[in-house]
Every structure is written in C-alpha cells, then in structure tokens.
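Protein chains: 2
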Amino acid sequence: MSADDSDASATAAELRPDQARARFRRGTRVTTSGYCAGYAQANLIAVPRDLAYDLLLFAQRNAKACPVLDVTDPGERRASIFAGDLRTDLPAYRVYANGVLVAEPGDVRDVWRRDLVSFLIGCSFTFETAMLRAGIPLRHLETGGNVAMYRTNRRCRPAGRLRGPQVVSMRPIPADRVADAVRVSSRYPAVHGAPVHVGDPGALGIADLDRPDFGEPVEVRAGDVPVFWACGVTPQAAIMASAPEFAISHAPGHMAITDVRDTAYQVP
Amino acid sequence: MSADDSDASATAAELRPDQARARFRRGTRVTTSGYCAGYAQANLIAVPRDLAYDLLLFAQRNAKACPVLDVTDPGERRASIFAGDLRTDLPAYRVYANGVLVAEPGDVRDVWRRDLVSFLIGCSFTFETAMLRAGIPLRHLETGGNVAMYRTNRRCRPAGRLRGPQVVSMRPIPADRVADAVRVSSRYPAVHGAPVHVGDPGALGIADLDRPDFGEPVEVRAGDVPVFWACGVTPQAAIMASAPEFAISHAPGHMAITDVRDTAYQVP
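Chains as they are written, first to last, in our numbering: chain A, 76 to 343; chain B, 76 to 343.
Chain A on its own, in the form it takes in the complex (with noise of 0.2 Å):
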C-alpha cells in the first residue's frame, strides 16, 4: 500500500504533506487551510530568472508580506523545504501573462518552463494549528471556506522592476481574543507574524469586507473584532500590476503544503 492509499480515513488536519500532496496531484481543488495539522504551508510564485533578482529583493524590502522560506535554482521542480513537484502538487495555479490572469488550472507542467525560479513564501496558514491550540475560533475553517484577502492602499517599497499594494488576509477575532491571536501569531514572524492592522478595515482603504479581492468573504460575527495579517499573495498583486511577461503562481488559498514543522518557525 502506497503512501496515496493510505490516507482514505484521515481528515485533512490528520494527512501526511506527502499525502495531501499525492490528493492535489490527482486533481482535489480545495483551499488548504486546516490540512496537515503542524506543517507549515506556503505561497508559490514562479518567475523567468531574468525577473528573479527584482522579486527577491522585492521580497526582502516587504519581507513582512514576502517572508521567503525558499528559492529553487532556475527550472527546478521540487525545493529544499517541499518533496513534491512544484507543478502538479498544489490544488490550483494562476497563471499570469503580461501582468493578467489567463488560466487557473490545476496542474502547470504544459505552461512550466527551463528559465522559472520558484519563490516559496510564509503563509498564515502556518500558524492556525497554534491559534486553534489556543482556542481562538477560526470563521473560515468553521464554515469550511478560504480566508478573505484584500488589496491594501500601503504600497510595497518597489525593487527593479516590481512594485504594487500591499495584500492582507483578514479574519474575524472575537474581541476577548484578539490579544491572545497578536500573542500566538507573533511567534511565527516567518509566516507574517504579528497583524498589521486591528480593526477598521477603512484605514487600510478597503471599502466592503464582503468583496475581498481573492478568496472568499468570511462572516464578521456580532462580537468579532476583523484582524489583518500581512499576505503572501502580495507576489501576486505586484505581478499585477507591474504586468511582466510570465509568472506563475499558487490559487489564493491552495497553498504549497511543505515537508517542515510549523515549530521550525517559532521563535522562542
């Protein structure tokens, strides 16, 4: 029995990162938060080597929202940090050219090419399991959906040739717990740590919590304070609208799930 068969019991929390892999690869398109209790999760963005040296120093000047974990050698299909393929091991892909989404496909190997580098970068989704630990309620995991995130009016410090908004993921803290989310997501400045903003989703020149810009709206309860943490798709949004001819990268959401503990990002 293969370490694909093993796993038809398993909740998605419960699955080994080579067996939610093995799903992704035979075509399960779902958003990735709550699997692989533990292990830490990442957003993908794939760039020509030429654009390579802009957006790794891109990342570096925002490393807040571009916390890199990993950087593969040009045409490389797995990385240090993922024992997958990094074209078929994802439940979805965006695929930009020019600066505009053309396709979402499940599976890049038609698209791949020689020249890409591939970024992995930290994901909230890493520090979850340590926030539902601590008992802070997820909203989006209780309804099963993606988090909502949000284009921002904070520009990114431009490098060479990128430049664009900086994009959060928000999710609704009950006000009694807001500290304790601050405190537990603090731990992990790999994977965006603390929040950059608490509160008024206005201040941050987003008009209408119920029309993110990727993923899904997630209910504010009566009692919920919404909570913005700094969010790996901001990659994504500067590839927009710094429109160069080729990058491709993970679905909002449906994330690279990697081989490493999230404890490997924890500071003391």
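A couple of the hints might just be wrong.
One copy or two, it doesn't matter: identical chains are merged, so the pair holds either way.
[Said to hold, decoys possible] Here are the simulated lysine to any residue pairs, SDA-like style, with alpha carbons at most 25 Å apart:
#, residue 1, residue 2
1, Lys139, Val259
2, Lys139, Leu279
3, Lys139, Ala254
4, Lys139, Asp255
5, Lys139, Arg258
6, Lys139, Ala339
7, Lys139, Asp283
8, Lys139, Thr338
9, Lys139, Ala316
10, Lys139, Gly113
Quick caveat, the hints were computed from the structure, so don't treat them as lab data.
Note that this is a predicted model, so its numbers are computed, not measured.
We have chain A already, so just place chain B on it with the hints.
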C-alpha cells in the same frame, strides 16, 4: 556647532550614529563594538550588479549567518537604514579582487563603482547592549579589542557562483551566564540570534582559539565557556572562496553603524 563638533566629551557608547560616522569619515579607525549603545550595527558587502542575485540568494539560503537588513539600488551611497555615505563612513574597509584581499583602506571612494549593490547584513554587536544590560560580561569590551572570528568546517548552502564556509564570532561567557546569553541573543534573530554552538571549538573545526581568522584573539578566562554566533563576515569568506572579480566589504569588526534602534530587530 555641527553634529561633528558636539561630541568631544561623549564616550563611544554615548555617540549618536551620525556622530560616530563623522569620526570614522575623518579617519578614526577602531572596532565599533561598544559604539552607539542601542543602535543596530551592520556588515557591509558590496558587489557588482551582475553578482547581486547570487549574493542575495546566498544570503537567503544562509540566513542565520547572512540576515539581510537592507539592499541598495546599484551605485547608491546611502541605504534606507544608513543615512551616511557607505564609501567613507565606516572605520575601515576591505577591497577584494578575484577573491584576494588587495587593500584595507579607511575610505573606498577611489575604487567605488556605479554598478555596486550594497548589502547591509545584521551584526551581533547589535545585541551586545542588551547583553551588557543583563549583566553578561563581554571580554573583548573589557580589554578594548575586537571580537575573534573563525572560519568553521560548516559549509554554507551554495548559490550561483558563491560558496564558502560559515564564519562565527566567539565570546567567552561565564558558565553560569551561558543560558542568559542564549536567551538574550535569541530575541534578536535579524542580527544572528541564538548561538550556533556552545563549547568545544574543535567540533567546528577550529584548531586554536588564539589564532582567529578575523578580528583579534580574546582571552577565555577560567570558568568561561566559548560561545559561537553565526557571523556576517561569512559573505567575505564566500568572496575569498569563490573569487568573483570584485567586492568591497567592511573590515571585520569595523561595522556600519545604522540609524535603526536595536529594539527594532527584537522579537517578543
């Protein structure tokens, strides 16, 4: 009275960064350990734009030794965290041609190039103020010298044309304060954070503590344990091992004093 002239009676620790930089610009050649208490210090490595991607990737892949605080655009003489002139405002520089140290001047205006990208990399001098506040003795400060730095037998993960050993700095710490030294430095991950090794130098391939590869020997007193931190001289060791055409760095221990408070790099 300009900032340059108002500091005659200030101790090194009391100087503001602009005052210290003015002294270095005028020719003072000293190790910066103990200077400008409360401000972050940084390693400088400047390479031609053609090598900048390899260096940025090398830093990302070896982030414990090479935590990038800032990267300039080509030819820039200032950085966002350093309001001085990168060509004159460090106490001493090293110039490398084809990997060979060819000069150690106090000023690099005559060899500066418009294609140079400057990297400022975190320095463990930054957490020394916090260690002193915690009552942890620092032997190199007591004797007024530089720290001792060593090439180790640990290889960095290569990136493009760059490879080389990890360099460490060593501080002798009284055995009953080692835990405190770990705890305090751990709070500063952007400036090397926790030690990489405590105790036996031989395990790192260091044959003789009295013969450091960079800096000066530091006395290990009875009851002291040698404690080793990853060191931002690691890129210089990579330049020496990889022999690219040209690079400029600070002279080990003679750092760029930034305008950023050490607390900006502190985690909870």
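Structure versus earlier hints, numbers of those that do not hold, lowest first: none
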